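Given chain A, put chains B and C in place with the hints provided.
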Amino acid sequence: MSTVQTAAPVALRWVGALAAALVIFSILLMTKGANPIDAYQGMWQSTFQRSRSIEEIFIQMSPLVLGALAVAVPARAGLTNVGGEGQIIIGAVAACGMFLLLGDGASGGLILVAMLVASVVAGALWAGLAAALRLVAGVNEAISTLLLNFVALDVLLFLIYQPWRESPVGQPATRELVDVAKLPVISGTKVHIGIVVAVVMVVVVHLLINRTRWGFRISVAGGNSEAARRSGLKVSMLVLSALMIGGALAGLAGMIHFAGVEYKLRPGFGSQLGYTSFLACWMARHQPFPILVAAFVFASLSVAGDSLQLDSGLPAASVNVLTALILIAVLGFTTMRKKANA
Amino acid sequence: MFTRKSSVRVAVSASVAALVLAGCSSATDSSSSSSESDGAPGEGTTAVGFIMVGPKDDFGYNQAVYEGSEVIKEAFPDVEVLTAENVPEDDTAATTMEQMIDKGAKLIFATSYGHLDAALKVAEEHPDVVVVQQGNTITTDIPDNAGTYFGTVYEPMYLAGIAAGASTESNKLGYVYAFPIPQTIANINAFERGAQSVNPDVETITVSTSSWCDPGKQQAAAESLLSQGVDVLTQHQDCTSTVIQAAEKAGAMTVGYHADASSLAPEGWLTGAVWDWGPLYTDIVQTVIDGDFVGSEYNDNFRVGYKTGTNPFVLAPYGPDVTDETIAAIDEAQALLGTDEGSPFVGPVLDQDGDTVIEDGVVPTYAENDAMDFFVQGVVGNLAQ
Amino acid sequence: MSLIVDVLSGGVRGGTSIMYAALGETVSERSGVINLGTEGSMLVGALGAYAIGVETGSPWLGAIAGAVCGGLLSLLHAYLVVYRGASQFASGLSLLFLALGLTSLFGAAYVGQPVVGFDQWDVPLLSSIPFVGEILFQQDPLLYLSFAMVPLVWFVLFKTRIGLLVRTAGERADSLTVHGYDVRVMRTGAVTFGGMLAGLGGAHLSTAYANAWFENMVSGRGFIAVALVIFAVWSPSRVMAGAYLFGCAIALGPALQARGYEINQFLLDAVPFVLTLVVLTVLGKRTLSSSPAELKRVFENAPPSG
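Residue numbers (UniProt numbering), protein chains in the order written: chain A, 1 to 342; chain B, 1 to 385; chain C, 1 to 306.
Calculated directly from the structure, the hints in this document are not laboratory data. It should be emphasised that the depicted structure is a prediction, and the values quoted were computed from it without experimental measurement. Misleading hints may appear alongside valid ones.
[Unchecked claim] Quick list of simulated restraints, FRET-style, between CB atoms:
| id | chain 1 | residue 1 | chain 2 | residue 2 | range |
| --- | --- | --- | --- | --- | --- |
| 1 | B | Gly104 | A | Thr189 | 19 to 27 Å |
| 2 | A | Val113 | B | Pro77 | 54 to 62 Å |
| 3 | A | Val204 | C | Ala109 | 44 to 52 Å |
| 4 | C | Ser2 | B | Thr323 | 30 to 38 Å |
| 5 | B | Leu336 | A | Ser167 | 31 to 39 Å |
| 6 | A | Pro163 | B | Asp355 | 21 to 29 Å |
| 7 | C | Ala109 | B | Pro317 | 24 to 32 Å |
| 8 | A | Thr189 | B | Glu359 | 50 to 58 Å |
Here a beta-carbon is modelled for each residue, glycine too, at the ideal position from N, C-alpha and C.
Okay, chain A solo, but in the shape it has when bound (with noise of 0.2 Å):
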C-alpha cells in the first residue's frame, strides 16, 4: 500500500475525524442533561481567554513535552519506552534527593544544578536498565520500561512514607523545595521556566535525530537491525543509548515538575504523566515539533476539564472522555491503514 498522500486528504481526514470525537462527546453531553454548546463554550472562555488558564497551559506542557520526547528518541531507534511514568518519577526522586542532600546550606543555583544533573542521571541509569536487560537477556524493552513503573511507584511510595517523611504524623509527604531552589518564573507570569527549557530540548532532539550521524545511525537500526550490524554499525550501543537519552529526557521532566509545580513528593507524584506523554508523542506521530502541538491539546483539555465541572455540573473526570475520543480518532482515522498484522 502507498504511503503517498496528498495533503488535501489528510487535513480532511483530521478534521473528519476529530469533528466525530466532538459529536460523540456532545451526545454523550446530552445524555447527562448539559446543553454540549454551552459547555464546549465554557470551555473554550475558561480555557483560551482567561490569562492564568493560559499560563497553567504552559506550566502543563513542560513535563509533557520532555516526557513525549523520551518516547520518540528511543521511537527512532525501533524501541518502546513505555517508561515515561517510572522514569519521571525516579528523575523526580532523585533531584528530591538532592535537596535533601545538600540541605538549607546550599545556594539556590547549586541545588537545582545538582538537581538536574541527578533527575537526568538518574533517569537514564533508570531506562538503561531496561536497556540493559534486553542487551544481556533479550528482555523487551516494552515490557521491562513498564514492568519499572510499577517498581519506580513503590520506590517513591517507600521514600515519602518512611525515609523522607517530613513528619510521623500528617499526611506523608517529603519537606517542600526550598524557595531558592523552585524553579525560576518567566517575568511578568506565573510559567516556570520548565517550557523553555522543553522547548530548548524539542529543538535540540529535532536536530540529534534529523542532523547528526547518530541520528542516522538509530534510525538505520530502527529500520533493520540486521542490515544495519552487516554495515558495521553497533547496534547494542545504539539501543543502550536511545533507550538512556529517552530516559534522561523523561527524568528532566520529572524534576522540572518536582522543582517547578509540586515541591514537595506526595503520593500520586506526577500519576499518569508518562501514560499522557506517551500518548501525545503518539498523536505526534514521533516527530519532535509536532509533539509541542500535541501536549498543547493536552494541557489544554486538562485546564478544560474544571471548566466541565465548575460550568457544566459534570464529573472532573468526564473530560478524560473527550481526550480519548480525540486519541482514537486520530489514532484510527488519520493515517491511511496499515497492514493489519502490523
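Chains B and C only, in chain A's frame:
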C-alpha cells in the same frame, strides 16, 4: 520521506499558530483575579466555592460537604455556589480555586486536610479573597484572609466507643484508617478510651490503607481485622460502605463515620459520628459577606465541640443491640463533655509504652488534642517512625 | 498458622479479579494483541456489574453485564488495532482514559448505593478440609467460577481447533491466511473474549470482593494483570499461581498490621514486579521464544516513523 517533511512543516506552523493564539487571547483577557477591592476580604461576595478531594456522592466525607453547600444555596439565594469534586491534594487545587475566583468567588472552602498548602498559597496571592480550610491547622502566622475550622469529631467517637466497649464480646475493636494525621489519631484514641471507660480490657486494633478511598484495600483491611477476632469495626475513610458491609456479612458490629449507614447494616449497626455542616457553613458565609471575617473566630484555627454547643458532628441513631443502660451511659458522658471538666482525654493518659503523656486530672484543650501524635495504651498498631 | 491461612485466603480472594483479567489478557496476547486497556475493561466491568446488580437485584445478571461491558471496550481496541492499524500500546492507553471518563460520568449515580452482591458460600465437604478448605472453599461463587475458567481457557487454547487458530494468529499469521482464515476475525474474537474476562474480574471486585462502586476503584489491578501475563509466560496455570502470589503480597500488609507489626507496604508491593523482571532475565531467550511470535513483532516494530 517527502510526506514526513511536509507534515513537520504543517505541524510547526500549527504549533506557532497555537502559541500566537494563546498570546493573543491572554492580551484580550479581562482578568478579575487581581482587581483590588477596597472592602474587607470577601465582603459582599456573590459566589462561594467548595473544593472536595473526592466525588460529591461518596456516601461520606465529601458528600457531607456537598450537602452543606446545598444548605448555603438555599440560605443565600443570591449567592452562586460553585463546587468542584475530585480535586487532588496538590498544586492543582490552587488552579481550581483560581478558576472559582475568576467566576466571582471571594470565599472558598478548601475541604480536605491536604488542601491546606494550596489554600494558603491562594490566600497569599488574593488578599481580597477569604480561604477557609476544613480540618487542618495553620501552624504559622494566620493571614487576615484565611483560617481553618473543624469540629471535635473525637467527641462523638468517644461516645461511640462507649457503645462499642459495652457491646463487644471478644474485647477487640477494629479501626480501618487512611493516614496517621492528628485528627485520625485523636479519633482512634478517643474511641479506645470511650470503650475502656465501660470495659477496661478492651483493645483497638488499627490497620491503615494509605488511601482515603480504595475499596479493595478496605476489604483486605477489614478481613484481616475480622480474622483477628475483632467484633466491632469502625473506620476513618472517605467512602465507608465497604467496611460496613464487610462487618455486617461477618456478623460483626459496626460504628459508622460521616453518614448514617444503618441501612447497610441493619443487624450490626451500633451508632456513629455523622456530620451536619449546614449551620457552621451558614455562619461562616454570613460573617464573610458582612465583611466581618478579619479578626473573627473563623480567622483562626476555629474548633467547635460539645463545649461550644455547635459541634457539626452528631451521634447517629442507635442500632438494635445498644441497650438502654448503654444509652444512659452515653448521655451522661455527653453531658460531661459539654462541661469544662469533660474531655475524652482527661489525665492520666498513658501512651502505648505506658508512659504518662497527660498528667492526672489535666483537661487538655481542643488545640492540644488537635496536635495529637501518639496512640494511647490499648491501641494496637504503629505510627510511622 | 492463622497468619498463613489469612494471607493465603485473602490472597486468593483479592487476587481473583487480577486472575480473571490476566487470563483474558493471556488469550488476547496469544492471538498477537497486547491490551494495556485491560485496566479500563476491568473498570467498565466493575461499574456494569454493579449498576445491573443494583437495578435487577441479581449478581449473576450483573456479572454478565460486567463481562459484556469489558468485552465491548476491548472490541473497540480490537477494531482500532486490527482493522485501523492503530498502535497497540497507544490504543490500549486511550481506551483506559475512555473508561476512566465514562465510568466517572455514568458511575456517580451508583456510588453509595447498596448492591446485592455475591455472598460467601462454603462448598459442602470440601470447605471442611483443614487448611485447604479454609483457603479455597470458603469463598464466593464468582470466585469458584474462576477455578473452572483456568482449565477451560487452557483446554480451549491448547486442545481445540479454535484455540489452535487463535494461537496461529499469534504465531504465524501468514499461514492462517494461506489456509483461507481471516486473521483479523481471530484476533478480534480473542481480544473481545479477553475483555470479557477482564470485565468479570471487575465484576468480582465490585460485587463480590469490595461490595462497592467507586471511581477508579480498580486502581492499577489491570496493569498488574498485564505484567502478570508476562510473569506467567503466557500460560493459564501459571497465571493462576501468579495472581495468587500478587494477591498474597497485597494481603500480607494488613494481616501483619492487624497483628501489631510495623510494615512498609511498598517494599512488599514491589516484590511481584521485581520478581517478574528476575524471571524474565533468568529465562532470558527462553521467555522470548515462548512469547507469541506475532506479539514479538508488535514489540519489535511498534513505532513506525512518519
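Each hint tested on the structure:
1. Under the hint 19 to 27 Å, the C-beta atoms of Gly104 (chain B) and Thr189 (chain A), about 23 Å apart, fit the expected range.
2. Distance hint check: the CB atoms of Val113 (chain A) and Pro77 (chain B) are about 57 Å apart, consistent with the given range 54 to 62 Å.
3. The hinted window of 44 to 52 Å between Val204 (chain A) and Ala109 (chain C) holds, with their beta carbons roughly 49 Å apart.
4. Against the hinted window of 30 to 38 Å, the Cβ-Cβ separation of Ser2 (chain C) and Thr323 (chain B) comes to about 32 Å, which satisfies the hint.
5. A beta carbon spacing of about 33 Å between Leu336 (chain B) and Ser167 (chain A) agrees with the range 31 to 39 Å that was offered as a hint.
6. Distance hint check for Pro163 (chain A) and Asp355 (chain B): the Cβ-Cβ separation is about 26 Å, which falls inside the suggested range of 21 to 29 Å.
7. With their beta carbons about 26 Å apart, Ala109 (chain C) and Pro317 (chain B) fall inside the hinted range of 24 to 32 Å.
8. At roughly 55 Å, the beta-carbon separation of Thr189 (chain A) and Glu359 (chain B) lies within the given 50 to 58 Å, and the hint holds.
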